[in-house]
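J.: Residue numbers (the working numbering), protein chains in the order written: chain A, 523 to 871; chain B, 1051 to 1349.
Hints in this document: simulated from the structure, not taken from any laboratory.
Owing to the predicted nature of the structure, the values given are computational and were not obtained by experimental measurement.
No residue lacks a Cβ here, since even glycine has one placed at the ideal position from N, Cα and C.
Since no wrong hints were added, every one of them can be taken at face value.
Calculated pairs, DSS-like style, for lysine-lysine (alpha carbon to alpha carbon, straight line, at most 27 Å):
no.	chain 1	residue 1	chain 2	residue 2
1	A	Lys790	A	Lys634
2	B	Lys1190	A	Lys724
3	A	Lys734	A	Lys594
4	A	Lys583	A	Lys797
5	A	Lys869	B	Lys1134
6	A	Lys766	B	Lys1190
7	A	Lys724	A	Lys734
8	B	Lys1134	A	Lys734
9	A	Lys594	A	Lys790
10	B	Lys1134	A	Lys728
11	A	Lys594	A	Lys860
12	A	Lys871	B	Lys1190
13	A	Lys596	A	Lys734
14	A	Lys634	A	Lys578
15	A	Lys869	B	Lys1190
16	B	Lys1190	A	Lys728
17	B	Lys1190	A	Lys734
18	A	Lys724	A	Lys869
19	A	Lys583	A	Lys627
20	A	Lys578	A	Lys797
21	B	Lys1134	A	Lys871
Taking beta-carbon pairs under 8 Å as the criterion, some of the chain A residues facing chain B (in silico):
no.	residue
22	Val731
23	Gln735
24	Ser745
25	Gly746
26	Glu747
27	Asp866
28	Lys869
Each chain, written out:
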Amino acid sequence: MTTMSKRSLGGLLAATMCASLLGGSVAFAQETVVFAGWGGSIQASQRKIYFDAFEKETGIKVIDVPDVSLAKIKAMVESGDVQWDVTQALGMWIPLGAADNLWEKLDYSVIKADHVPQEFRSDNGIGNSAYGQVLAYNSEATGEESAPTNWADFWNIEGKPGPRGLQDAPRYTLEFALMADGVAPKDLYPLDVERALASLDKIRDKVFVWWKQFPQVPILLASGEIDMSNTSHTRIRDIVAGEKVPLEVVWNQGLITVDWLGVPRGAKNSANAMKLIDFMTRADLQATLARETGIGPTNGEAITMLTPEEREGLPSYHYQQGEMALFSNDWWAENNDKMIEQWDAWKLK
Amino acid sequence: MSYVAADNGAIAPTPLELGRARRPFRFSAIWLVIPGVAFLTVAFVLPLVALLSQSVYDDGFTLEHFERILTTQSYLTVIWTSLKIAVASTAITIVLAYPISCYLMRVGPTTRSLMMALIIIPFWTNILVRCYAWIVILQKRGLANRFLTDQIGVIDQPINMVYNLPGVLIGMTHYLLPPAILILYSINHNIDMRLIGAARSLGANPPRAFRHVFLPLSMPGVRAATLLVMILSLGFFVTPALLGGLSENTLAMLINVQFSETVNWNFGAALATILLLMTLIGIGVYYQALSKTTGVRQL
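If we strip away everything but chain A, and leave its shape as in the complex, we get (with noise of 0.2 Å):
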């Protein structure tokens, strides 16, 4: 009795193993190509708008996971075993990441880019989102008097009360404090940074919240604890329609800072990877996206696809008018682990 059953269980173990293996080789048939990005309802949008879509087209399954990092590209890299096929990053980690050789070459044959910016392509990556680093306040709480125009405004503290916020980080709150003392957007970069410092130890003491995450900001000008502070342009896009608040974006020395796509250096399906990053390019879809989530495009065509309306919301059309600063990735990505060290010697001093 006991024989039998082994047996029969040795048999059933056997029979689970080739129908796997079987099961393992339909799955190979499929040509498939993992998207690694931010999560959340940015990512909703892009399984929409570009992942069904190419899915549709091309045959090709789309993986999508969420939580991108480049501590985690990185680690993919040097352990050989690479999950990713196409990346989400933030603009700076391209420099950064080429100086680990984390990147593979773009495929320019197969992702069409012309109407690309220059400034937005390089070998190791190509800019697809972009976002606005800009003032946001609460007009009903700053009335007409104290709305700020510019970052000079939200230094006057004086001449313009109420309580700031601002985010307790020295990525692009040094660009402000610079612009709040008469650098002009386009001689930004490189960055004076004592000189910004010395900007900022005039407001230190009296910015009211110093925030650490960016969905605290919303909620914070929603409620009225503070009048004014940085944020993304997403974020208030976001607030404004959910909950119908005052709270209104300053694209004036904005910052632009642009989400790119890179293949991760050994990625296992590198060819569908260019594939993707061809189709998420394209103007169409890139407009869609604006118009659904107000995330500005890359290329050129999409903006000329959106009404005045539209445009009005993006990045991308208010640096084209020259209101805003484009975020220098290369100087960030060489000068950001010392920026930190500073800030942090800054803040605690």
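Once you have looked at the hints, place chain B on chain A.
T.: Coordinates of chain B only, in the frame set by chain A:
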């Protein structure tokens, strides 16, 4: 030195150790710990060693990362801040948890179950959610300030309760209370209350009976709870980040930045090593102090 043959023929060096020698070594017992040890070795010790070794290995052996930490004023300030926040939140937690654990011993089973549920439910809530909830309660126009200014009018101007040290301590104490209460209660409820009765019958008044009988018996719980809470509180980074201001910067926050933001793992590993050493030294000093006061070495 005299040697004594034990019953089973084993030679014990002194009669004092006879008891241990008499018991034959039981192989069966060792199997009970092997799965746990094996799991911890593979899943915890090896990765930990691999990670921490990066603090001294960056293209060859180097101490530059430790040098950078120990010679930079702001990092020393951060280490001091972390210690200060950990000690303060641990002290507040134990002071609040102790009476609650005593109260739990005195109430009936129904009230106790209800209170246990109230203590444990917040324990299941995500720490990020709790931080944002505290912001809503403590902020300038939050529930607490509204109550104090509008409802009972004890103050005219709202108090700054968040984005500063008090905010961090409130958030951390809230997080640390459930484990502290549970540990204290698990030890305290085993104390034989008849001993208190005996002390009373011998003429001790209630405070005296508490101080000389109950308090010493409850010290193992206090020690265990203090230790666990202290270790937990040294590793906080979400709470000080969200509820603190510019100066509430902890080691754990720096480590988080080095691993996720600057991707400087060597430097991050050096910071992590310092945090680990601080914790171990803290435990060592704590037990040393205890063994001096109680005269017994307990580990």
